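Q: The lines below spell out each chain.
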Amino acid sequence: MALTGMDIFKQLPKTNCGQCGIPTCLAFAMKLAAGGASLEQCPSVSEEAKALLSEASAPPMRGVTIGEGDYALKIGEELVMYRHEKTFFNPPGYALLIEDTDDPAAVDSKLQSLKDTVYERVGQTLRANLVAVKNTSGDAGKFADMVKKVASAIEYPLVLMAEPAAIEAAFVSADIKKPLLYAATAANVDAMAEIAKKYGAPLAVKPASLDELGDLTTKLDGMGLKDLVIDMGTRTLKETFQNLIFTRRAALKKKMRPFGYPTITFPAEETADDMMETVHAAVYTIKYGGVMVLKDLSPEKAYALFVLRQNVYTDPQRPMQVDQGFYPINGANEESPILITTNFSLTYFIVSSEIEGSKMPVWLGIVDTDGLSTLTAWAAGKFVPERIAAFITKSDILDKVKHKTVVIPGYVAQISGELEEELQGWKIVVGPREAADIPSFLKSFQPVMA
Amino acid sequence: MAFQAPTESYNGKIREIKLGSAAQVAVGGENTLPFYTFEGSVPNGPKIAMEVFDTEPLGWADELKSVLGDVWGDPVAWAKKCESEFGADIICLQLAGTDPNGANRSVGDAVATVKAVLDAVSIPVIVYGSGNVDKDSEVLKAVAEATQGKNVVLGPAVEDNYKSIAAAAMGFGAKVAGETPIDVNMAKQLNILMSNLGIAVDNLLIDPSTGALGYGLEYCFSVNERIKLAALTQNDNMLQSPTISNLGKEVWKAKEAKISQEEAPQWGDQRKRGIIWETLTAVSVMLAGADLLIMRHPESVKLIKQTIAEFGI
Chain A
1 MALTGMDIFK
11 QLPKTNCGQC
21 GIPTCLAFAM
31 KLAAGGASLE
41 QCPSVSEEAK
51 ALLSEASAPP
61 MRGVTIGEGD
71 YALKIGEELV
81 MYRHEKTFFN
91 PPGYALLIED
101 TDDPAAVDSK
111 LQSLKDTVYE
121 RVGQTLRANL
131 VAVKNTSGDA
141 GKFADMVKKV
151 ASAIEYPLVL
161 MAEPAAIEAA
171 FVSADIKKPL
181 LYAATAANVD
191 AMAEIAKKYG
201 APLAVKPASL
211 DELGDLTTKL
221 DGMGLKDLVI
231 DMGTRTLKET
241 FQNLIFTRRA
251 ALKKKMRPFG
261 YPTITFPAEE
271 TADDMMETVH
281 AAVYTIKYGG
291 VMVLKDLSPE
301 KAYALFVLRQ
311 NVYTDPQRPM
321 QVDQGFYPIN
331 GANEESPILI
341 TTNFSLTYFI
351 VSSEIEGSKM
361 PVWLGIVDTD
371 GLSTLTAWAA
381 GKFVPERIAA
391 FITKSDILDK
401 VKHKTVVIPG
411 YVAQISGELE
421 EELQGWKIVV
431 GPREAADIPS
441 FLKSFQPVMA
Chain B
1 MAFQAPTESY
11 NGKIREIKLG
21 SAAQVAVGGE
31 NTLPFYTFEG
41 SVPNGPKIAM
51 EVFDTEPLGW
61 ADELKSVLGD
71 VWGDPVAWAK
81 KCESEFGADI
91 ICLQLAGTDP
101 NGANRSVGDA
111 VATVKAVLDA
121 VSIPVIVYGS
131 GNVDKDSEVL
141 KAVAEATQGK
151 NVVLGPAVED
161 NYKSIAAAAM
171 GFGAKVAGET
181 PIDVNMAKQL
191 NILMSNLGIA
201 VDNLLIDPST
211 GALGYGLEYC
221 FSVNERIKLA
231 ALTQNDNMLQ
241 SPTISNLGKE
251 VWKAKEAKIS
261 QEEAPQWGDQ
271 RKRGIIWETL
281 TAVSVMLAGA
291 DLLIMRHPES
301 VKLIKQTIAE
311 FGI
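Residue numbers (full-length UniProt numbering), protein chains in the order written: chain A, 1 to 450; chain B, 1 to 313.
Read the hints as simulated data drawn from the structure, not as lab findings. Check before you lean on any hint, since a few could be wrong.
The calculated label-pair distances, taken between Cβ atoms and stated as ranges, are [said to hold, decoys possible]: (1) A:Glu269 <-> B:Gln266: 22 to 30 angstroms; (2) A:Asp108 <-> B:Ser66: 44 to 52 angstroms; (3) A:Pro59 <-> B:Ser21: 49 to 57 angstroms; (4) A:Phe445 <-> B:Gly59: 15 to 23 angstroms; (5) B:Ala264 <-> A:Ala165: 45 to 53 angstroms; (6) B:Glu39 <-> A:Pro59: 47 to 55 angstroms; (7) A:Lys255 <-> B:Asn235: 22 to 30 angstroms; (8) B:Val133 <-> A:Lys238: 52 to 60 angstroms.
As the structure is a computational prediction, the values presented were derived from the model and not from experiment. Quick reminder that beta carbons are idealized off the backbone N, C-alpha and C, glycines included.
Please work from the sequences and hints to get the whole structure.
A: Quick look at the structure:
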């Protein structure tokens with residue numbers, strides 16, 4: 001159970017020494033309970049109290065990191081059931097499934113394609129996260145060879161899907177850092193736990209039922225293995241969906257520790273249809289999946305999943321923002337019109353996609369308005385003449401065009417006069433109010449060259 | 001360790017509304033969150049309305065042309081194909097051609113198209129205007145009158161024209177979809193205003209606006225989810241209308257759905273890309289709570305129907 005400020009206060013030294021940076025122990029306790037401070041800040045808390053409190057103040061769902069370094073994937077540590085309540089924190093990972101019976105040349109090309117399937121969108125890099133290698137052959141040597149091949153071809157962390165002996169063989173043959181070991185079952189839990197401990201790797205558990213799940217995770221926790229990932233074992237959309245909801249609720253709302261771990265799902269094993277596999281992964285992206293293992297991450301599927309994940313894991317309180325600057329569209333040149341708008345990502349996407357659709361070359365100027373849309377930004381004083389003028393004057397746009405005409409959104413027509421005063425020598429043109437009307441506007445608009 | 005399933009219960013229910021006259025289709029009726037069949041009942045599941053346009057579409061993706069091009073100049077043939085071949089539950093006739101800034105078809109022409117489509121199919125029909133506030137008000141009034149007894153859905157009724165559309169619907173026994181811009185309170189407010197005019201709440205649907213994948217989907221998702229939570233957990237009567245998502249037209253505007261493979265090789269197979277873009281948008285809105293999805297591509301429709309079936313509905 002989560003502790004209240006008073007529960008925590010009882011465990012503190014109550015000296016009000018202030019060394020934690022907060023004047024009183026009570027205030028510090030309240031801050032701890034709200035998650036705004038760390039127990040480490042108190043220099044004189046007793047060891048017992050520390051153990052008690054850190055156990056109780058741990059997040060209801062553990063965060064688990066797979067891999068090391070730049071390509072590590074952290075999942076879990078979620079705090080809410082619905083994104084609007086706060087936000088979803090750690091975006092889930094997509095894993096490409098490779099079997100050790102796959103044709104080696106096909107594996108090479110699949111991995112190359114996975115490495116190339118990387119996109120930039122609203123300042124974020126979108127890509128897959130893991131490669132799952134499965135010991136389909138049942139031969140430990142074959143598995144170890146395939147793991148070695150994959151590990152040398154791609155830096156993404158691995159999921160090792162095999163029995164303990166084959167996993168041990170893979171560790172011996174290849175240098176792999178903190179792969180996710182898949183999976184501890186009632187039958188192999190001791191051997192699997194030993195390997196996970198030896199290599200400091202996170203471990204997936206696969207119980208025969210949700211009843212058995214708590215036994216497995218409790219046992220592993222008792223052995224000191226805390227970095228666990230749950231596979232509920234179901235392989236239909238309906239059951240997996242239900243169990244993802246149940247485990248998330250058990251962890252967050254019932255505070256049941258044995259269920260407080262991120263999950264792994266297998267769209268690859270739930271359907272033979274490539275499109276339905278993408279759909280299953282999309283459902284789990286939205287509802288509580290931690291890792292989704294897929295057979296097919298071709299660009300048209302991967303990109304859609306990546307954008308979905310980005311949408312779902314956007315912080316509802318912090319609108320996505322585009323970097324301030326001038327963006328050339330459709331091969332903008334020195335005679336192309338300049339249009340400006342705000343850096344709210346949605347505004348940017350809609351405006352830029354309309355311009356792209358028009359096939360007319362344009363310089364799109366994005367003013368930093370802290371992610372607010374046109375009218376809101378204007379009302380908040382962030383899309384106002386001084387700010388727009390400063391943006392234009394400080395930019396190098398005059399090195400790129402040979403005219404001094406700027407088009408502003410129709411919704412802020414009222415600032416055109418003042419902007420003209422701020423921007424001496426420039427002509428301000430009021431454009432359409434709606435982005436949808438930009439193409440027809442562009443057809444009949446041409447700036448006058450200097 | 002026995003696992004106690006942490007199920008929850010809800011004190012509200014989405015109204016079940018029957019659309020159409022010949023072969024009626026019920027939407028809504030669930031007393032739990034989308035597909036949460038383990039703790040409530042979902043009698044109908046999301047229904048799919050397939051789009052039919054009154055005039056030949058311009059600038060649509062090649063992929064759409066390859067599957068719809070043979071019928072898209074003829075709304076009657078298009079609607080029949082949706083019913084008999086594509087498995088649509090409902091037809092959504094989009095009267096885009098009535099837009100004064102476009103083909104500016106007359107009220108009479110629009111009514112003739114609506115009647116012809118209604119005569120050609122037995123599944124329910126939704127009639128959506130072009131989105132031009134004044135023209136929609138005029139067109140939808142005439143459509144209501146001409147389709148008396150057919151139990152059509154008229155939309156979108158917005159802040160500036162809901163009075164005339166709701167009045168016509170009331171007079172001639174149609175249903176109304178009220179559209180508001182991605183905001184829970186505005187959706188509720190429009191339903192209150194329309195019921196204040198005297199139209200029964202059983203005749204109202206909520207269209208809370210749709211953002212496609214990558215184009216505001218996250219806002220649309222949370223608004224749909226919050227509407228369903230308010231309807232189910234707070235028993236908010238005015239938010240218990242079934243919800244519509246007019247997603248086809250948003251999805252197929254996105255460059256990700258229509259740009260050619262030559263122009264964007266990094267985005268992969270062009271045909272599948274558009275279908276997936278529409279399918280994932282539809283998956284998202286139905287997981288957020290939409291009861292009625294307006295869709296365009298038959299393959300996307302098939303995938304969504306398959307998904308609903310896999311949920312056991």
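Q: Each of the hints needs a verdict: does it hold here or not?
A: Verification of the hints:
no. : hint                                      : result
1   : A:Glu269 <-> B:Gln266: 22 to 30 angstroms : holds, 29 angstroms
2   : A:Asp108 <-> B:Ser66: 44 to 52 angstroms  : violated, 33 angstroms
3   : A:Pro59 <-> B:Ser21: 49 to 57 angstroms   : holds, 55 angstroms
4   : A:Phe445 <-> B:Gly59: 15 to 23 angstroms  : holds, 20 angstroms
5   : B:Ala264 <-> A:Ala165: 45 to 53 angstroms : holds, 46 angstroms
6   : B:Glu39 <-> A:Pro59: 47 to 55 angstroms   : violated, 26 angstroms
7   : A:Lys255 <-> B:Asn235: 22 to 30 angstroms : holds, 27 angstroms
8   : B:Val133 <-> A:Lys238: 52 to 60 angstroms : violated, 43 angstroms
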